[in-house]
Amino acid sequence: MAQRVGTYTYGSEPTERLPYGIGRVTGPWLFAAALAAGAFGFGVYAYYRQYTEGEVITGMRDIGTMGGTPWGLYVVFIAYFVGVSFAGIILAALIRLMNLHQLKPVARIAEVLTVIALVCAACCVLADLGNPIRGLLNLPRYARPGSPLFGTFTLVISGYMFASLVYLYLDSRRDAMICARVPGRLQTFHRIWAAGYRDTPAQRRRHYTASFWLAIAIVPLLVTAHSTLGFVFGLQIGRPGWHSALQAPSFVIMAGVSGTGLLIVAAAIMRRALGEQERLTGEVFRWLNNLLLVLILAYLYLWIVETLSSVYQGGEQEVEVTRALFTGEYATLFWLVLALLLSALALLIAQFFRPGLALVAGVTAGVLVNVAAIFKRFLLVIPSQTHGPLLPYSPGHYSPTWVEYGVVIGLFGFGTLLFIGFAKTFPIIHLPEAEKERAA
Amino acid sequence: MRRTIVFGWLIAGFFLQATAYFFLGAKLGIPQSPANSNPRVPYAGLVFICGVMMVFISAVIYELLPDREDKGQTGDVRDGREYGR
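Residue numbers (this note's numbering), protein chains in the order written: chain A, 351 to 790; chain B, 130 to 214.
To be clear, the hints were calculated from the coordinates, so they are not data collected in a lab. Keep in mind that this is a model prediction, so the values were computed, not measured. Don't be surprised by glycine CBs; every beta carbon is placed ideally from N, CA and C. A portion of the hints provided could be inaccurate.
Claimed, not checked - Each pair of labels, with its calculated beta carbon distance range:
id: 1; chain 1: B; residue 1: Thr148; chain 2: A; residue 2: Thr657; range: 22 to 30 Å
id: 2; chain 1: B; residue 1: Phe136; chain 2: A; residue 2: Ser693; range: 24 to 32 Å
id: 3; chain 1: B; residue 1: Asn165; chain 2: A; residue 2: Leu686; range: 17 to 25 Å
To be verified - So, partial list: chain B residues that the calculated Cβ filter (under 8 Å) puts toward chain A:
id: 4; residue: Leu145
id: 5; residue: Ala147
id: 6; residue: Ala149
id: 7; residue: Pro171
id: 8; residue: Gly174
id: 9; residue: Glu192
id: 10; residue: Leu193
id: 11; residue: Asp196
Claimed, not checked - Covered by chain A, according to a simulated footprint, are these stretches of chain B (three or more residues, beta-carbon under 8 Å):
id: 12; segment: 158 to 170
id: 13; segment: 178 to 186
Given these sequences and hints, build the entire structure.
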């Protein structure tokens, strides 16, 4: 055992270099980093303008008297980013609990996506607050643990991010130990990460137990956290279009759809960038595609049930919101979301007839469902504010300004920077040796 | 010893969560006054979150604290040197 790990095997040949191009900056990586940094810089500038001039330069306004919406693009993207984070860590937990070895190569990508998505969600919360410092001080001071808002903005973004970080850290110690053998600038960093891990049978047994219980603890925390995000909308009785018992399950399922879609896209990019066709095989993508297919079907079912309920038994305002979605101001977006989801579904079904299309179908479906998820979140957050007031106000309107778009673009840039930065400092895919032994 | 510390830490985490939720936060029940909205003790929410974090930290303690089993076991040795420390 002790001598076996003198060098790790990467592919078929032993090597003394760090795997997956870690620590080596290449032209394409620099280009991607520059692009992401540019987007991030634009976002910082946009936020600076918002911070100094106030939220009046955004498209957000009061409901009714000002004919606007106090919850705008930032809340849309809080829901989107938190959703993306869901699939990442739940997939990693399920891989451990159900021993889904086929999906192990994508487990770390999923874990990293979770943490990054939660960081972006936290930034969205801060961007939404007119005075973020006051929010940061008052939220912990006055928050009520039983409130759905607390559950979403505090429990999700702190407790669940912390749990994901712990899972990522413990799950990566073995690879950190392997990387710590290779001399270089990152050796100290990898050694600190490994924190004494020596791959002894006792340590492996301990990690096996710890990761099992951690996964057991994470799954209910995740479902609770995502359900509370649904409750933020679903429990508001005075807001037609939001008040529904199906909001919580819909949130959980849509979170799974967008997260799995993004994971497929990220895995495909990593497959191409790292030349890992042998490990990120068609079988991995078929697994993820099938999962995405089931989730889309489940979501469409919930969506149909919710829409039918609101049309059949809904009050006047409820019907008003539904009319705005079906034939009114939001009709284009509404039918576009449906078309995107159905197109993704068709692509995922097509792969059953042409198995060779698994990768292309998965990536295309992943992009489509993520666009659909963003638009669907928009359709959830906005129409109920503009067309759902119970008081006799005329319908409002919301269109985001360049500042809001800038902040969101900046967040995508920030997330990309974090992801590609991580990929250059740590193995983004489980090292083969570790994977083989865990399967044994 | 390691297991005692881990279980102690775990129980402390759950205890903090329960205390913050039921006794430090706002009163549970149908809201009829500001007492149902304001926390009985400021930062009750923060205490609750600390409890959640403590529960998950127990996994780190469980893995990182050395055990009697570790003694005498060799893991990662190359060129006469032990790595990962």
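Each hint, compared with the structure:
no. : hint                              : verdict
1   : Thr148/B <-> Thr657/A: 22 to 30 Å : violated (43 Å)
2   : Phe136/B <-> Ser693/A: 24 to 32 Å : violated (52 Å)
3   : Asn165/B <-> Leu686/A: 17 to 25 Å : violated (43 Å)
4   : Leu145                            : violated (11 Å)
5   : Ala147                            : violated (10 Å)
6   : Ala149                            : holds (6 Å)
7   : Pro171                            : holds (5 Å)
8   : Gly174                            : holds (3 Å)
9   : Glu192                            : holds (5 Å)
10  : Leu193                            : holds (6 Å)
11  : Asp196                            : holds (6 Å)
12  : 158 to 170                        : holds (count 3)
13  : 178 to 186                        : holds (count 6)
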